[in-house]
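Here the structure of chain A is known, so what remains is to put chain B in place on it, guided by the hints.
There are 2 protein chains.
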Amino acid sequence: MDNVKAIVFDVFGTVVDWRNSVARESAPFLARHGGTGIDPHAFADAWRKRYQPAMEECRTGKRPFTRLDILHRENLELVLKDHGLDPVRIGEAELAEWNRAWHRLDPWPEAVAGLTRLKRKFIIAPLSNGNIALMTAMAKRAGIPWDAILGAEVAQAYKPQPEAYLRTAEVLMIRPDELCLGAAHNGDLKAARNCGLKTAFVTRPTEHGPDQATDLGPSEAWDVVASDFQDLARKLGC
Amino acid sequence: MDNVKAIVFDVFGTVVDWRNSVARESAPFLARHGGTGIDPHAFADAWRKRYQPAMEECRTGKRPFTRLDILHRENLELVLKDHGLDPVRIGEAELAEWNRAWHRLDPWPEAVAGLTRLKRKFIIAPLSNGNIALMTAMAKRAGIPWDAILGAEVAQAYKPQPEAYLRTAEVLMIRPDELCLGAAHNGDLKAARNCGLKTAFVTRPTEHGPDQATDLGPSEAWDVVASDFQDLARKLGC
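Line by line, the protein sequences are chains A and B. Residue 424 is where the first sequence starts when you use this note's numbering, and the numbers rise one by one after that. Residue 424 is where the second sequence starts when you use this note's numbering, and the numbers rise one by one after that.
For reference, chain A alone in the conformation it holds in the complex (with noise of 0.2 Å):
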């Protein structure tokens, strides 16, 4: 890690709690709007269950580049289609609301401690799916320190696509083994390795609540495992 000057950050799971804080936000909407009886985080993970295929119409090439508050918003109306709601009767005001949901996700408890210190010795930026938008104003309202918001809108390639990787490094006019790849998730630091960066995993065994089975462990041996954003940062000497 010695030559590392950037480290990159997947978001959704690794810095913040996408599940319990979607959950959170669409509990007064569900009520509003005739969805009581239904569980926010069942909701929540129906709504993030649909992340990955919106995201694979990017890369296989059905459609162009799309930011993901897009992909969030139609997956929303899906979603709630699901459950028997009527997006239409919803309304455009309410929508455009509950979709910011993801900008309002907070971070583990111990993320912006960790990255403040991270920041000190490193330049630290997001490389997540998130587009420009909902990452600065996810970092706004969390305080997460970001030096820049970098990621899949700004190398125009959704992750694990080799793009995603290759251009973060291009932009910050390092070289790949200069990039570390910070993530929960092994296929990412995989992707991320195969593209020359280094990695480094944080576990994150809650993402997916109480009874996760994937990602609570290494897969690989990553340049770096830590327990916690702390932890990385103790163990990379800041």
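If you're looking for bench data, these hints aren't it; they were derived computationally from the structure. Any given hint could turn out to be false.
Derived pair list, reagent style DSS-like, types lysine-lysine, alpha-carbon separation capped at 27 Å [unchecked claim]: (1) K544/B to K542/A; (2) K563/B to K658/A; (3) K544/A to K563/B; (4) K613/B to K485/B; (5) K563/A to K428/B; (6) K544/A to K542/B; (7) K428/B to K544/B; (8) K613/B to K428/B; (9) K542/A to K563/B; (10) K613/A to K428/A; (11) K563/A to K472/B.
For chain B alone, coordinates are given in the frame of chain A:
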């Protein structure tokens, strides 16, 4: 200005004092490489003079969009030759470091304090022709508290091309009239206003040295006119 959600700023001249900073950074390089007779401020001016023509080649499509760090480096070699110095003899490592003079520009004395106030109420970001790596390094060194790094590289267009302004609003997912440009240059503000942006003029009467003859005051009735960034923060209720 009531609808404004984000203020983006010109950087060279508006936020940072490029002339004195590039002169200071260039002085030891000139001394080391046989340029003791060259006035560092005149050298900074000569380097900056090649800025617009280099970007113009990208604007007109003569060459593809090329990030400013690369244009600065090409221009450095040209300016050195103009002053009778041989870039080849100076060598790659020294040239690369000299070029990073543009990463080490100091803010005007009140700029960081003013931006810190503005950040409470607005999203703040650079809308500079400087590239992402340059703006990120500069902000990190100088403590400029940007919410995101936007600008020419994100828009893939150099100001005053309309795309530079319009795509910046687009990535922030706001209307052009919800975006304000802050700049010390009337031409930049005119181009922004033509795209529907709000405009804030900040006076920088010594950007070009003690004999500056341009941009000493507003050329039009901009939405806000401020004497500096503290004054701008005050006038916008921050």
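Outcome of the hint check:
1. Taking the CA atoms of K544/B and K542/A, the gap is near 24 Å; set against the 27 Å cutoff, the hint holds.
2. This hinted pair checks out: K563/B and K658/A have alpha carbons roughly 22 Å apart, not beyond 27 Å.
3. Between the alpha carbons of K544/A and K563/B the distance comes to roughly 11 Å, so the proposed pair stays at or under 27 Å and holds.
4. For the suggested pair K613/B and K485/B, the alpha carbons sit about 25 Å apart, so the restraint of at most 27 Å is met.
5. In summary, the hint linking K563/A to K428/B is supported, as the alpha carbons are separated by about 13 Å, within the 27 Å threshold.
6. This hinted pair checks out: K544/A and K542/B have alpha carbons roughly 24 Å apart, not beyond 27 Å.
7. Distance restraint check for K428/B and K544/B: the Cα-Cα separation of roughly 8 Å lies within the 27 Å cut-off, and the hinted pair is therefore satisfied.
8. Straight-line distance between C-alpha atoms of K613/B and K428/B comes to about 20 Å, which keeps the hinted pair within the 27 Å bound.
9. At most 27 Å may separate the alpha-carbon atoms for a hinted pair to count; K542/A and K563/B meet this at roughly 9 Å.
10. Among the hinted pairs, K613/A with K428/A is consistent with the structure: their alpha-carbon atoms are about 20 Å apart, no more than 27 Å.
11. About 37 Å separates the Cα atoms of K563/A and K472/B, which puts this hinted pair outside 27 Å; it is violated.
Consistency note: the structure conflicts with earlier hint 11 alone.
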